[in-house]
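Going line by line, the protein sequences match chains A and B. In terms of the UniProt record's numbering, the numbers along the first sequence are unbroken and rise by one, the last being 213. In terms of the UniProt record's numbering, the numbers along the second sequence are unbroken and rise by one, the last being 103.
A few of these clues could be false.
Unchecked claim - Heads up, simulated SDA-like pairs for lysine to any residue below, C-alpha to C-alpha not over 20 Å straight-line:
hint: 1; chain 1: A; residue 1: K78; chain 2: B; residue 2: H25
hint: 2; chain 1: B; residue 1: K32; chain 2: B; residue 2: R71
hint: 3; chain 1: A; residue 1: K51; chain 2: B; residue 2: R42
hint: 4; chain 1: A; residue 1: K61; chain 2: B; residue 2: S37
FYI, nobody ran anything at the bench for these hints, they're computed from the structure. What you are looking at is a predicted structure, and each value in this text was computed from that prediction instead of being measured.
Single-letter residue listing:
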Amino acid sequence: MVKHKLFVVDIKKEEAWINQYVKLGYRLVKVKTMTGYYQFEQDTLKCKSHKVKIDFRTFRKIEDFNDYIAMFEDSGWKHIAGTKSNGIQYFERTDNNISEDIFSDEASKAELYKRIANMWFGLFVAYIPILVAFGMTGTLKIYNLFHLKELYYTPGLWDRTGIDFWKAFWFETPFALGRGFFGLLFFIIVLSYAYCALKALFWYYKEKQVQFP
Amino acid sequence: MNLSKYLPLTETTYYILVALLEQGHGYYIMQKVEELSSGKVRIAAGTMYGAIENLLKQKLIQSVSGEDKRRKLYVITDLGKEVLHGEAERLRYLIEIADSKGL
Chain A
1 MVKHKLFVVD
11 IKKEEAWINQ
21 YVKLGYRLVK
31 VKTMTGYYQF
41 EQDTLKCKSH
51 KVKIDFRTFR
61 KIEDFNDYIA
71 MFEDSGWKHI
81 AGTKSNGIQY
91 FERTDNNISE
101 DIFSDEASKA
111 ELYKRIANMW
121 FGLFVAYIPI
131 LVAFGMTGTL
141 KIYNLFHLKE
151 LYYTPGLWDR
161 TGIDFWKAFW
171 FETPFALGRG
181 FFGLLFFIIV
191 LSYAYCALKA
201 LFWYYKEKQV
211 QFP
Chain B
1 MNLSKYLPLT
11 ETTYYILVAL
21 LEQGHGYYIM
31 QKVEELSSGK
41 VRIAAGTMYG
51 AIENLLKQKL
61 IQSVSGEDKR
71 RKLYVITDLG
81 KEVLHGEAER
91 LRYLIEIADS
101 KGL
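So that you can see chain A by itself, here it is in the shape it has in the complex (with noise of 0.2 Å):
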């Protein structure tokens, strides 16, 4: 069985997703982050440990990774899926002597959050120089924003009306949209970043304080 679904930022939601098929008696088998596909496998052995499990963390070397995944899978967890440079990794619980979670204090949950959103703010940073020189060349266009029809250049299509006018303005449509919205689309997609980044360190303060009620 294959589902897909695209999760950013919120573990917890994508850990109760996966888990409502596991209750139904599937395995998650293998994971592509990028795309959201999850494929899932009938659970043979009926096992009632069975439970997904999920850490954000990249490593810069193998041999950290290896020593990482080898901590998990010698205390009951098997990793399903996860790269050393990915940093989604998912787990999967095999023991019902352990305990239900990868994580055994409070103040550890909230640190994962903290790691994702480190990730996304150097996503962000990184993309700042890029994101001045198109400011500073114009490419951003974000005046075109506020004048929208001088992004067609048919002559004399604001005069037309009737059906001339519609299929010259949407003959025109995709032209234009791709001449003043490259930049901006580039801006909102790194602007998009600092949103995952916020997001996460709000998920970060709010696990947090669990510790402090």
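Dock chain B against chain A, hints included.
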């Protein structure tokens, strides 16, 4: 040496440092801590890895080369031992106070 920036240790950190008086890999530490605390402190894998990372950064523990290619071996550093001493002293003093007040 001024150890005040390391102290007090959290219960988890204290147990991990005590466990690493003898070298061992991540899962060894988890088991050792459980044993030392008579089953009271069970550190889960994700929390354990974060703790190891922090202690490495603070140079209270270090990784040493071993035979196992997949698992890293960790051991307490001299600084780590000093901190552990400092913490034990602090705890002993607290106990003294408790005793003197008949608690």
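We went through each hint and held it up to the structure:
For the proposed pair K78 of chain A and H25 of chain B, the alpha carbon gap of about 18 Å is at most 20 Å, so the pair holds. At roughly 16 Å between alpha-carbon atoms, K32 of chain B and R71 of chain B fall within 20 Å of each other, so this suggested pair holds. Restraint check: the Cα-Cα separation between K51 of chain A and R42 of chain B comes to about 19 Å, which is no more than 20 Å; the hinted pair holds. A C-alpha spacing of about 33 Å is found between K61 of chain A and S37 of chain B, which places the hinted pair above 20 Å, so the restraint is violated.
Against the hints set out earlier in the document, a violation occurs for number 4 only.
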